[in-house]
Amino acid sequence: MSATPDATSAAPDGGFTTVIGPRRSLLAIDLAELWRYRDLVLLLTRRDIVTVYAQTVLGPLWVVLQPLITTFTFALVFGKAAGLAPPGMPGPLFYMSGLVPWFFFSSQVTKTSRTLTGGAHVMTKVYFPRLVMPISTTLSNGFTFLVQLAALAVMVAGYVLAGGLAWSPGPQLLGLPLLVLLMGALGLGTGILISAATTKYRDLSFLVGFGVQLLMYASPVILPLSRLQKFPTLLRVFELNPMTAVIEAFRAMLFGGAVPWGGLTYSAAVTAVMLLVGVMTFNKVERSFADIV
Amino acid sequence: MSQGPVVISVEDLGKSYRLGAIGSGTIADELRRGWARLRGRPDPDAPVGTASPGRAQGRTFHALGGVSFQLREGEVLGIIGRNGAGKSTLLKLLSRITTPTRGHIRMKGRVASLLEVGTGFHPDLTGRENIHLNGAILGMDRREIAAKLDEIIAFSGIEHHIDTPVKRYSSGMKVRLGFAVAAHLEPEILIVDEVLAVGDAEFQRKCLGKMKDVSSSGRTILFVSHNMTAVLSLCTRVVWIDAGRVAADGPPEEVVAAYLGSYAQGGDEVAWPPGEGPGTDLVRLTHAAVLPQDPGAPLTMRSPFSIRIGLENIGIKDGDLNIGLRVMNDHDLVLFASTQADAGTDRPPVPHGRFEVECRIPGDLMNEGSYHVVITAFRGARLHFITERVLSFTVHAGERRGAWFGRQAGLVRPRLHWNSVPMDPAP
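Those sequence lines, one after another, are chains A and B.
Under the numbering used here, the first residue of the first sequence carries the number 1, and numbering increases by one thereafter.
Under the numbering used here, the first residue of the second sequence carries the number 1, and numbering increases by one thereafter.
By construction, these hints were calculated from the structure, which means they are not laboratory data.
Please read all numbers here as calculations on a predicted model, not as lab measurements.
Hints should not be assumed to be uniformly reliable.
EDC-like cross-link-like pairs, simulated, lysine to aspartate or glutamate; straight-line CA separation at most 20 Å [what the hints assert, rightly or not]:
id : chain 1 : residue 1 : chain 2 : residue 2
1  : B       : 174       : B       : 150
2  : B       : 148       : A       : 39
3  : B       : 167       : A       : 39
Put together the whole structure using the sequences plus the hints.
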C-alpha cells in the first residue's frame with residue numbers, strides 16, 4: 001500500500017493510505033506504485049541519455065563509435081593478425097553483431113550495479129520506489145542498444161549493396177524483440193544483485209567492470225562456437241555463460257541459421273533465477289541501506 | 001488541539017541497529033572481523049561512542065524504542081530533542097527512507113517530505129529540466145509539474161537563467177530553485193526537516209511563510225527542528241523525543257520549557273572531592289555552578305545569571321588572591337574575562353578555609369549558543385593558576401527580535417537603545 005491522493009475512501013485500515021511496518025515480503029513489488037512513478041522513470045531515462053555526452057565534441061556519435069572502433073580493432077587483431085577470422089561471414093559484421101548485444105548486456109550489468117551506491121545521495125533524502133532507478137537505467141541502455149542496432153543495420157545494408165553478403169533472414173528474425181528482452185532482463189537481474197551486494201562489499205564495484213570484460217572472452221563475441229569443437233572443456237566454459245546462447249541466437253536471427261534453442265532455454269532459466277534473486281536481495285537491502293551508506 | 005480526523009498514527013514505532021554488524025567495508029574488513037570474533041577479540045570496526053549505555057543492549061542499539069503519537073488534520077507538530085535522541089531516525093522512518101524494526105506508521109493522504117531542497121538536481125541539465133526531474137522525484141506527475149511550471153519559475157526568481165545548466169548557478173540560486181519546486185507540492189501531509197538552518201534570511205522568511213500557508217489551508221505539518229523560536233511560533237503541538245522515546249507531548253510552551261529545563265540542569269554544576277579540585281597547593285576549587293536568576297529555569301538571552309565559584313584557601317597567608325573567569329564560546333574564543341578586581345581596588349583579603357565568590361552576568365548580553373567557563377586566579381599581577389573548562393552552559397533564544405528566526409550574528413547580543421529622529425520638517 002502506498003500514498004494515493006484518491007484512494008482514501010476505498011482503502012482498508014481505517015482509511016489510511018500508507019502503512020509502514022517492519023515486515024514485508026521480499027518479493028513484494030508494488031507494481032501499481034511503480035506505474036504511478038512512470039514519469040520519474042522516463043525523466044531519469046531522459047536524464048541518463050542527455051547528460052552522458054554533455055560537453056563532448058562528438059556527442060551521441062560516441063554511441064556508435066564505440067562498437068565500430070572495437071569491431072575494427074577485433075577485425076584487425078583477431079581476424080587478420082591472429083588468423084581467427086570467422087567462417088562464412090565478413091569479419092566486421094561478425095564482430096559488430098556480437099558486440100552490439102554484448103555492450104547492451106555489459107552496460108546493463110555495470111550501470112545497474114551502481115544503482116544503490118551511486119544513487120545514495122538521492123535515496124537517503126527522498127522516497128520513491130527504488131526499482132525506478134534500475135528500470136530507468138535499463139531503458140536508457142535499451143535506447144543506446146537500439147541506436148547501435150541501427151548502426152549494425154546500416155552496416156548490413158552496406159555489405160548487401162556492395163554485394164559482399166547475401167542477406168536472407170528467416171522467420172526467426174521476428175524473435176529478436178524477445179531476445180532483446182531476455183538480454184536486458186539478464187543484465188538487470190545480475191546488476192541489481194551486484195548492486196545490493198556492493199552496499200556491503202565495496203570490492204565488488206571493482207570486480208564488476210573487470211569481471212564483465214573477462215566474461216566477454218568466454219562468449220562467442222570473438223570466437224564462434226563452431227571453432228571450439230576441438231576444445232570440449234573450453235566449449236563447456238563458453239556454454240556456461242548465459243550470454244553465449246543469446247549472442248549465437250542473435251546472429252542466427254539476424255543472418256539466418258540455426259537458433260540454439262537448448263542454450264536459450266538455459267539462458268532463460270538463468271535469467272529467471274537472477275531476476276528473482278536480484279529483486280529479492282535488492283528489496284531486502286533497499287529497506288535498510290540508508291542506515292549503512 | 002485540532003479535532004479533525006487522525007491523519008498520522010504512529011504506534012509503538014521502534015528502530016534498532018545491530019552494533020558492529022553493519023558491514024560497510026571491504027571483504028577484507030569482513031574477514032578481519034570474522035577472525036577477531038573467532039579469537040574472542042572485540043570487533044575492530046565496532047562504532048565508537050555511538051551508544052549511550054542505556055540504549056545499547058547487547059549488540060543492539062535502539063535508536064527509537066517504541067514511539068507512539070497521533071496527529072490530526074491541520075495540526076502543526078514540532079519534534080524536538082537533542083542530537084542523537086532519535087529525531088532524525090523518526091524523520092527517516094516517516095519519510096520511508098528506512099524501515100522500522102517494529103511498530104507501524106499509518107498515514108492518510110499524499111505525503112511529501114522535505115529533508116533537503118533540490119534533491120537529484122543534475123548539474124548538466126537546465127533549470128527547467130531540473131524542475132521536471134526534481135518534481136518527479138518528490139512525487140509530482142508530469143501534468144502537475146507542467147501546470148505549475150510557470151508559477152515555479154516565477155517563484156524561484158531566476159527566469160533569466162532558467163535554460164542555463166544548473167552547474168553554472170550559484171549555490172543560492174540552486175537552493176531557490178529547489179525550494180520553488182518544493183513549495184509547489186500539494187501534499188496533505190508535509191514533513192519538514194530543519195530546512196530553516198540553511199539559506200539566508202530571505203529564504204528562511206519564504207520557507208516559514210510557505211509553511212504557514214500550508215498549515216492555514218488545513219494541511220498537516222510535521223516539523224523537526226532545533227530552533228525553539230521557530231517551533232514556538234509555528235507549531236500547535238510539540239513532541240519531545242529523548243533517548244528514543246517520547247519524553248513529552250503537548251502544547252508548545254509547556255513542552256519546550258520542559259525540554260530547555262532539562263538542558264539547563266545538564267552540566268552547569270560541578271564539585272570536586274577535597275584536595276582534588278583544580279588549583280595549587282595554596283588554593284583549590286571545591287565547586288562551581290552556573291545559576292540562572294530563577295532557579296531551575298533555562299538560560300535565555302534575556303535572563304541574568306550568576307557564576308558561583310567555591311574555593312578552599314589552604315596556604316595563602318597574605319590574603320592576596322584575585323579570582324576571575326573567562327567565558328568562551330564553542331570556538332574557544334574568549335567573549336569576556338573578568339576578575340574580582342573589576343569591583344574596585346579595595347577587595348577584602350581572602351579568608352582562610354572555604355569560601356565562595358559569585359559573579360553576576362547581566363541579561364541582554366549573551367547571544368544564543370553554547371559556552372564554557374574557565375577559572376583564573378591571580379596573585380599580584382601574576383597568574384597563579386588557570387583551570388581547564390570547568391563549566392559549560394547553553395543560552396537559548398527564548399524570544400524573537402524582528403523577523404529573523406535564526407541565530408543573530410555576533411559574539412554578544414546586547415539590547416541597545418535606538419533613536420529615530422526626523423530631519424525634514426513635517427509636511
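Right, here's what the structure says about each hint:
1. B:174 x B:150: With Cα atoms ~17 Å apart, residue 174 of chain B and residue 150 of chain B stay inside 20 Å; holds.
2. B:148 x A:39: holds, 16 Å
3. B:167 x A:39: Violated, at about 24 Å.
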